[in-house]
Amino acid sequence: MSTLVATNKKSFGSTIWDYLTTVDHKKIAIMYLIAGGFFFILGGLEALAIRWQLVQPMNDFVSAGFYNELITMHGTTMIFLAAMPLIFAFMNAVVPLQIGARDVAFPFVNSLSFWLFLFGGIMLNVGWFTGGAADAGWTAYAPLSTTSPGQGVDYYVLGLQISGAGTLMGGINFLVTIVNMRAPGMTYMRMPLFTWTAFVASALILFAFPALTVGLFLMMFDRLFGSGFFDPSMGGNSVIWQHLFWIFGHPEVYILALPAFGIFSEIISTFSKKRLFGYTAMVFATVLIGFLGFMVWAHHMFTVGMGPAANSIFAVATMAIAVPTGIKIFNWLFTLWGGNIQINTAMLWALGFIPTFTLGGMTGVMVAAASADFQYHDTYFVVAHFHYVIVGGVVFALFAGTHYWWPKMFGTILDEKLGKVTFWLFFVGFHLTFFIQHFLGLMGMPRRYWTYLEGQNLDLGNLISTIGAFLMGVGTIVLLINIIKTSVKNEKVSGDPWDGRTLEWAIPSPPPFYNFKQLPLVRGLDPLWIEKMEGRKGMTPAEPLTDIHMPNNSFIPFVMSLGLFIAGFGFIYQKQDIAWLSLVFVGMGITLGCMLLRSVKDDLGYHIHKEDLKKEAGE
Amino acid sequence: MSEHDVLNPGQMPQNPEKATLEGKNKFMGFWFFLGGEAVLFASLFGTYLALNDSTNGGKSSEELFGLELVFIMTMLLLTSSLTSVYAMYHMKNNDFKKMQIWLGITVALGLGFLGFEIYEFYHYIHEYEFTLRSSAFGSAFYTLVGFHGGHVVFGLLWIVSLMIRNAKRGLNLYNAPKFYVASLYWHFIDVVWVFIFTVVYLMGVL
Amino acid sequence: MKEWMGKIRTLSLFSFLVIILSACGKDNLTALVPKGYGAEESFNVILISILVMIFVFIVVMAIYVYVIFKFRQRKGQENHIPKQTEGNKTLEVVWTVIPILLLIIIAVPTIASTYDLADESEKEDSINVNVQGMQFWWNFEYANEEIQTSQELYIPVNERVYLNMLSSDVIHSFWLPSISGKMDVNPDNENTMYIEAYEEGVYWGKCTEFCGDSHSLMDFKVVVVSQEEYDQWVEGMKNTDPEYTAESSTAQEGQEMFANSCISCHAIDASSSNPVVGPNLADFGNRTMVAGIKNYSKEAIVDWIMNPGEIKPGNGMLSAPYLQDNSMEEEDAEKIADFLMELKATDEPVDSVEQFKKDETENNN
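Residue numbers (UniProt numbering), protein chains in the order written: chain C, 1 to 619; chain U, 1 to 206; chain D, 1 to 365.
None of these hints come from the bench; they were simulated from the model.
Ideal Cβ positions, reconstructed from N, Cα and C, are used throughout, including at glycine.
Hints should not be assumed to be uniformly reliable.
Here are some chain C residues the structure puts well away from chain U; computed CB gaps all over 12 Å [unchecked claim]:
#1 V126
#2 V214
#3 K489
#4 L604
Now the stretches of chain D that chain C is said to cover, found in silico as 3 or more residues with beta-carbon under 8 Å [to be verified]:
#5 34 to 48
#6 275 to 284
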């Protein structure tokens, strides 16, 4: 295998081709990280534009129409194109390593997931250049969304449909990977918590995303083919959209938050040099949160007019989620208790997360109280609440995970000093931005307001909020500088720079493309730690050195996604001119053709021979 | 297991669809996928139930549906599910020819179902002017039943392409899981139809 | 539940909180100074949940701060391996059970007030107003009195008023922070809520469901008046005359122009038989604000007539013919304004409206 001796420099073109066709979970993780990072910055710029518009009353930095596009795209981009892919980046980079697998269950599908997400994300943003992006809010409530002029909402619908398909496949892939591909001895109750949370999040994806798929189809039919699901004049009912959206939308919060909890669990345990306190309870709480996550969607709809019985049930169910979440908070605190706490950048994010997320959880219980929510609902109080949860929980975790797993992904270590600067700028900026918004909401500032009137005592709060947002922006820039600096310096580190506990630290950084030369034998929770405590350097292999079966690279996922991308334009513009329908046929033809090709062409992968493995090891 | 063993196994094991890791993964992944599909159809059913009275002054389900045709369709699809079970039975016995025959029958029955469904839609549109755009009920009906119909089309194309692709070389450990999940898919379509028959047609005329 | 709340309220911590919170926000707009039944109910639940949650936060932060200072790595201790504890059953039971108890403390009043706020038992005997939300204004039709008005809802103090709400385009939401919480205004099914105000005055209302370009400018007011003033106002509204003739000469010219174009969308009498196309302009002379967001003045009216799109982007007025062909001169608009300012249901505005106008003008100058 020539690829084994890949130390010789590859040309730029062949590197690109390598990434376009790769099915290696580690490379796909890097692509998710780059693409998700790009969309994170894009969504962040949109956020800054929003805050600048609100810096003073009756401001006219942007027009009302453009503002609506900004808030819609900020929410959509951050949730679907930044947070989700970045979570997937870490799931891809880490989960197979943590369970001692050589790849995910379906490497080909993994690549397809990524390309679908990327093309979907591009599709969503095409609207900016064709007369206006989506402008009906990230929740796209009908009939505002079904009657929104232009193609913006069409791009939203098609873009989310395409990227959502990718996410669904990703979810299935990780479910099967975790069920079937665990190394010998890696029982369920020995899995690291990040893997557990990835597992539950994948199950949530599987059962939540189809509801969104259906909702998007109905909206697409309403907008593009004249159906009347949400059109009252045809007997339709706009509330159906809200139910479908939130049946997906609420689990989505946990799809993001659970892996974030997993990341923090790993970091807190590692840097306290302690086993995770109450591991079993943590697993149980994760599963329970995932389960309850499906029972509470209508708490987003307390003011819709569902009646007091439904409101009360959903209020109580929602409050119940606070219990397993509280269990988690206390378990983290008691993991720290008695530990040998090392505070580096990754740990700083984790420590910043605990009070921040506690606040987010507190306001979560508050908004769950239906009769109080009549005041909070759709105001800046809610904006503050979900940013405490999503930024304070998820984004903090993504920053933490970036610092924690960067050595594993790239073999270098991010600069600690710059990392701490990023943390403090972002942390302070975050609380400046969002804490005051709780009060703005109760003082009478509804959500999604393009502007507010003079003399309503909202000026100071908004000014403070805007200043905080820009601090977060500066913090992010420092992180980018950090990444560039680290990459230029390119100082390689060992496979286990943090004195880690889990399997990913048992192999070199970055890992070889086959991950484990021999599958490791797992003897308990924190397998690497166990071996280290018993004086061994690494894992004991569970198998003799044999040939390793590897999947082939493929360009089909890229082309298949491109086909759907092309068909999307056809669907959108056939409404104006039926000739565009041809694009639907071309695009769907490409995609279905790719599926046929994949089905009929044998793809059995290849083997790395053990002689080559030995040669590589210099034996 | 080398490539050669997968494509030319000396002796087929009892459950060829789960004999390789790839097969096992495919088997399990497909079950998960069907779980997602179940949510998809549940959402469509929910939407349909919310809108099946929203005729907006147009035709209602009582006026439109007749059970005779739908009963024949149901029988066709139920039988096709049974024949696909036979096909899988012969796969496990490593009898490729019989498997192909039973799969062929399955496809024929599926085509019959599809033909009736197309006729049904054509009938509604031309005789009753009942379309996707008539009312929210129309939208919900065509979307739910149409999604199922789309699944039937896809299932038929899938099974046929598997049959043609492997006609010459017969069964091996590489294609056995493919046949197996295709038949799982076909069963799922059948189960969904049972619900459509009950929720849409039976409850629609009663 | 109310008496019980009253007792709790006397607790010093509560009063302290109330003082801090009430320092925030504009009177009659903020939810932190409730002046109506619904707002007070919500506020009580808000206070209970804040107190419980602050308790939780203090516990968490106490452990957190202790742990960080006590167990932070010391110099020379880098390689110290702490004891690997697996967990502690007792502790885990404690932090499962206590939160459940705390949640019950919040859940009980939540459910009680949720049912209370959905109570429709007095609907038949109360004033019923049919609220219609549209991009980007509100129409209020008094069901029994057979009058309608736009943008400003008059209600008597200490009376329950039932609102039956329906949208004629997209979803809106009716929020009156100081008097009550909010309820969505859907296009497909009617929602009912009631409001009851404790003090006379003009209250700010906001649209809280994202509804398009001028969502942020879809303000309305609720004018709370004494029963006596309310009766007078209703009487005046009933007597508004579709055949009204303007008094001053400029207003007469204005009326002529108004009759040639504006009248097709805007009625000048309050009869509920007038179709709801544009805002009803009966009693326009006594409005608190122009277009719901501009201080009331002739200049503001002229400004609105000349440039409605700049004030409320995307509003329905933009399709008016005079804007399409640019046929309106500023002096014409002034005459129309003169006419509109003559339209009054009562000779003088109610006291609270007068006070409101004075305050707002001072505020913004």
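The hints, checked one at a time:
Taking the minimum C-beta to C-beta distance to chain U, about 26 Å, the non-interface status of V126 (chain C) holds against the 12 Å cut. A cut-off of 12 Å between C-beta atoms contradicts the statement that V214 (chain C) is not in contact with chain U; the least separation is 4 Å. Its beta-carbon lying about 40 Å from the closest one in chain U, K489 (chain C) satisfies the requirement of being farther than 12 Å from that chain. The Cβ of L604 (chain C) sits about 5 Å from the closest Cβ of chain U, inside the 12 Å cut-off, so the non-interface label is violated.
Check on the stretch 34 to 48 of chain D: 7 of its residues sit with their Cβ under 8 Å from a Cβ of chain C, so the three-residue criterion for coverage holds. For the stretch 275 to 284 of chain D, the stated coverage by chain C is violated: 0 residues have a C-beta nearer than 8 Å to a C-beta of that chain, whereas at least 3 were required.
When each numbered hint is compared with the structure, violations occur for hints 2, 4 and 6.
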